[in-house]
Amino acid sequence: MIVCVAVVGHQSFTEADDALKLHHIVHCSLDVVDERVNNPKKSGPTLNETFLGLLYPTENYKVYGYLTNTKVKFILVTTDLDVRDVDVRNFFRRFHAAYVDAVSNPFHVPGKKITSRTFAERVSNIVKSFGLSST
Amino acid sequence: MGREVSESCIDSLLTEMVSSYCNHFYANKPELAARRIEAIGYQVGHQLSERYTMERPRFSDHLEAIKFICKDFWSELFKKQIDNLKTNHRGTFVLQDNRFRWLARMSLDPTADDAVPQDPADFAESKAAQAMSMYLYFPCGIIRGALSNLGIPCAVSADISNLPACSFVVRIKA
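Residue numbers (this note's numbering), protein chains in the order written: chain A, 19 to 153; chain B, 617 to 790.
Simulated from the structure, these hints should not be mistaken for laboratory data.
Treat the numbers as computed from the prediction; the structure is a model and nothing was measured.
Watch out, some of these pointers could steer you wrong.
As the list claims (entries may be wrong) - Which chain B residues face chain A? A few, computed with CB under 8 Å, are given here: (1) Ser665; (2) Met670; (3) Arg672; (4) His678; (5) Arg717; (6) Asn765; (7) Leu766; (8) Ser773.
To be verified - Computed spacing ranges between beta-carbons, pair by pair: (9) A:Arg107 / B:Ser624: 34 to 44 Å; (10) A:Pro124 / B:Lys645: 36 to 46 Å; (11) B:Asn644 / A:Ser147: 22 to 32 Å; (12) B:Cys625 / A:Val127: 37 to 47 Å.
Beta carbons are placed, not taken as given, at the ideal position from N, Cα and C, and that holds for glycine.
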């Protein structure tokens with residue numbers, strides 16, 4: 019079950035800040051799913067070679083990261099223990115498409131929080147269908 | 617991908633945008649109008665680059681990003697690629713489009729009092745060139761917005777001394 023999905027802009031964080039930021043992000047993130055606390059990260063696929071660096075390790079959760087060409091990071095936190103790589107990639111692909119549409123809104127100010135309800139609904143749908151394909 | 621609009625709508629929109637800003641909002645203040653139009657282009661380029669880099673692997677260096685602008689980005693916008701790319705290997709790139717789509721239908725009125733000078737050196741100074749250059753702030757802004765979203769701050773200017781070819785000069789900020 020996905021507990022949290024977050025979009026992070028292009029400032030870069032140091033290792034130590036990451037956990038705190040992630041907490042912060044978790045608490046302020048999209049109104050999509052309930053949030054709990056942090057997690058161990060089980061590396062994140064990005065569009066290209068490198069995985070995102072190790073996030074703060076914790077017991078029950080998995081955190082996936084995705085980095086776009088424009089230095090925007092998507093963070094996915096899940097409690098599923100056996101998540102297939104292809105599912106996560108699929109998830110991020112659809113999420114990226116929704117993000118691009120939300121950002122193309124002329125009333126959206128780059129760098130500020132996305133407030134579009136359509137975006138929230140689309141993400142909600144993507145999240146809901148995440149578990150289904152992995153059975 | 618997504619919905620489409622006819623090209624004549626885009627042409628009309630651009631014409632009206634330049635006309636509104638030059639003659640209405642910032643009448644007699646062409647520098648302000650130019651800056652505003654360029655800023656609109658910047659936002660558009662920013663958003664378009666987000667969309668067109670979606671499925672691609674990340675760029676390893678500036679040259680890759682510029683090549684992306686010349687090929688895929690330009691194809692998405694203008695259905696053709698940049699015809700010629702030059703660089704001085706020190707942060708300046710010249711992107712030449714031999715028949716820039718948004719200038720393709722512009723005529724230079726030969727019956728006007730100050731007729732269009734044929735000599736390129738004079739042309740650059742003429743009012744015709746100045747009028748035409750207002751239409752180039754928007755594409756310059758688009759290029760600047762796209763590159764800056766890819767992490768490359770730069771300044772972009774246009775050069776129309778060689779119509780119908782149009783060159784965009786990109787200077788990457790150190």
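Consistency of the hints with the structure:
no. : hint                            : verdict
1   : Ser665                          : holds, 7 Å
2   : Met670                          : holds, 6 Å
3   : Arg672                          : holds, 6 Å
4   : His678                          : violated, 13 Å
5   : Arg717                          : violated, 22 Å
6   : Asn765                          : holds, 5 Å
7   : Leu766                          : holds, 6 Å
8   : Ser773                          : violated, 23 Å
9   : A:Arg107 / B:Ser624: 34 to 44 Å : holds, 40 Å
10  : A:Pro124 / B:Lys645: 36 to 46 Å : violated, 24 Å
11  : B:Asn644 / A:Ser147: 22 to 32 Å : violated, 57 Å
12  : B:Cys625 / A:Val127: 37 to 47 Å : violated, 26 Å
Hints 4, 5, 8, 10, 11, 12 from the earlier list are contradicted by this structure; the remaining hints agree with it.
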